[in-house]
Amino acid sequence: MRQKERNTAHNLLPRRSWFQINGVRFESAYAIVKLIAMVALIVLLSGCEQLGQPETFVWTGGQPISFRQPPEGWERSRYQNGGAEGVDFVKKGSIGEQIYIAERFFLSRRDRCARLKEILHELDNYNRNDFVRAITRARLYAREPINEEEERIIPIVNATLNRAQQAFFENDLVTARLEIEQALKQAGKIHFTINETVDRVLFTAEKNQVYPDLKVQEPVSGILADLPTVSVDFTFKAHGSVLIGRRIYLVKNNRMFEFGYQGLKKNLPLFERILESVSFPPGVCVH
Amino acid sequence: MRALRKRAAPFVLSVLILSACTPNCARKATIRLVIGMHHVSLRIAEDWIQKRKYRHSKPGKEYLNYGYEYTFHHELARISLADIGPVTPDAYLREIYEARELFRQGQLKKAHTVLWRLYQHSAFGRIHHIQKDTESWRFILDGGLYRTLEAEEVESAYQTVINEVEALDTPKLSRIVEYALPNIGPGVHTEILDQHPIMINGHQGIRLDSWDRISHNQRKSHLFILNQGNLLIIQMVYGNYLEIKPVFDKMVNSLEFHSN
Chain R
34 MRQKERNTAH NLLPRRSWFQ INGVRFESAY AIVKLIAMVA LIVLLSGCEQ
84 LGQPETFVWT GGQPISFRQP PEGWERSRYQ NGGAEGVDFV KKGSIGEQIY
134 IAERFFLSRR DRCARLKEIL HELDNYNRND FVRAITRARL YAREPINEEE
184 ERIIPIVNAT LNRAQQAFFE NDLVTARLEI EQALKQAGKI HFTINETVDR
234 VLFTAEKNQV YPDLKVQEPV SGILADLPTV SVDFTFKAHG SVLIGRRIYL
284 VKNNRMFEFG YQGLKKNLPL FERILESVSF PPGVCVH
Chain H
1406 MRALRKRAAP FVLSVLILSA CTPNCARKAT IRLVIGMHHV SLRIAEDWIQ
1456 KRKYRHSKPG KEYLNYGYEY TFHHELARIS LADIGPVTPD AYLREIYEAR
1506 ELFRQGQLKK AHTVLWRLYQ HSAFGRIHHI QKDTESWRFI LDGGLYRTLE
1556 AEEVESAYQT VINEVEALDT PKLSRIVEYA LPNIGPGVHT EILDQHPIMI
1606 NGHQGIRLDS WDRISHNQRK SHLFILNQGN LLIIQMVYGN YLEIKPVFDK
1656 MVNSLEFHSN
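Heads up: the protein sequence lines correspond to chains R and H, in order. Residues in the first sequence are numbered consecutively from 34, following this note's numbering. Residues in the second sequence are numbered consecutively from 1406, following this note's numbering.
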């Protein structure tokens, strides 16, 4: 009797159908759905900290910079602060954690390479007034030269531009072009290093008294994108937590770039991963 | 059967949730608009169309600039369509012929209005470097409205202006767009991200994307289309680019021009 009942019960149970996908046996459609959901969850969780696509920015002109964006959850905005221009990422729903990458334009303002190239490009289209205006804007000046090279080369470049202007007034565009090219070549010999320039912008306790309980460490040298850097670490208190800050400076093609982080220690590796993705595509000029 | 239902429930639920999240699920409506001299129809999600409070209410604030601009709103997002006026010599001639016809019919004030609108138009004279401050222009703008002028003098002035405009070459659309771009919003900090030609319902157009040069925020799409010599601009004005893009694309792909 029991055997009969068992047989009957067995016949009443729905037959398990199964199918194979790529050699993997699934007992039912429900099993497939479960597997898909698990994979999606794993991808979602692992994708949370994935950096975004690389983007290339050109701020003050002349030298592009490319880096990968922070992942979802960091709000992007302009960073325009204290003589710098760049992009800022602030973590949503956090206590003001911030990553920014910017260019300090006190160096790029000294560079006239892009303007000289523009004059060469438009030389045949200028009238007298426009040319004079363009040459005036292309002259080099430095109230306080950063190094001896700059001090020596500025008068040479400006004298060359004076000759170019004179040639233009005499309708001798060939000579004018040659002189401007010479000025461009001379200006390209001016070269700034990080050690010559960083003191003007270095993060110090004296300049940043707005940070509560600020403790700044000694600057250290390093390397980023195969370029020498100077970096400063600091800590301060905010919203009942101790936050970590870091500022890294480097000079590429006579432009100073600044990389900044302030926030919790756990997000510092994310900032370091972004730094690893930094690169400098070729710019308009080369020094 | 109960077991099957139990297993299928999460699957069905996932499908329902996914379809609810799909951005294109909102109901669409076809709407016909007259923007300046462009008679167009396009499809857009219904929640972007302003509802009138009462059947006989006047239209809301969608129409701006004396009917030369129309704006679609959705929460804070905005897409606008604007006719920025004639930008080719043929279109200029159309306006001048219309003004001359009105002058011949004795409708001096209307003739003046048509000409003044063209004269003041920022494209006129900028794209083609037309000399506007000439005696001929002064004659036809006046047309006898403010001082006594012989009809022959005015007709002769019209013909001089027509001859000048007929001698102009038709600019490329890219040149027109180059002129129009600074005038429609993008400012000093905007850079063009992407630009490519496009055909919309048999009309030549250019679609370009712009964003903030410094932060790469505020990405917007702009579409410039030439229709009968007038430039129609469709652009994102406010809002999140990724949220508005499907609506904008749908609008652009469904755009049709109709005869007046």
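Treat each hint with caution, since some may be false.
Stated by the list, open to error - Negatives, chain R to chain H, calculated, CB over 10 Å:
#, residue
1, V91
2, E118
3, G119
4, N162
5, E183
6, R196
7, V275
8, P314
Stated by the list, open to error - Cβ-to-Cβ under 10 Å is the rule here; a few derived chain H residues that face chain R:
#, residue
9, H1594
10, T1595
11, L1613
12, D1614
13, D1617
14, R1618
15, H1621
16, N1622
Rather than coming from a laboratory, the hints here were simulated on the basis of the structure. Here the structure is a predicted model, which means the values were calculated and not measured. The C-beta atom is built at its ideal place from N, Cα and C for all residues, glycine as well.
Each hint tested on the structure:
| no. | hint | result |
| --- | --- | --- |
| 1 | V91 | violated (7 Å) |
| 2 | E118 | violated (6 Å) |
| 3 | G119 | violated (7 Å) |
| 4 | N162 | holds (18 Å) |
| 5 | E183 | holds (28 Å) |
| 6 | R196 | holds (33 Å) |
| 7 | V275 | holds (29 Å) |
| 8 | P314 | holds (15 Å) |
| 9 | H1594 | holds (8 Å) |
| 10 | T1595 | violated (12 Å) |
| 11 | L1613 | violated (18 Å) |
| 12 | D1614 | violated (14 Å) |
| 13 | D1617 | holds (7 Å) |
| 14 | R1618 | holds (7 Å) |
| 15 | H1621 | holds (6 Å) |
| 16 | N1622 | holds (6 Å) |
When held up to the earlier numbered hints, the structure conflicts with 1, 2, 3, 10, 11, 12 and fits the remainder.
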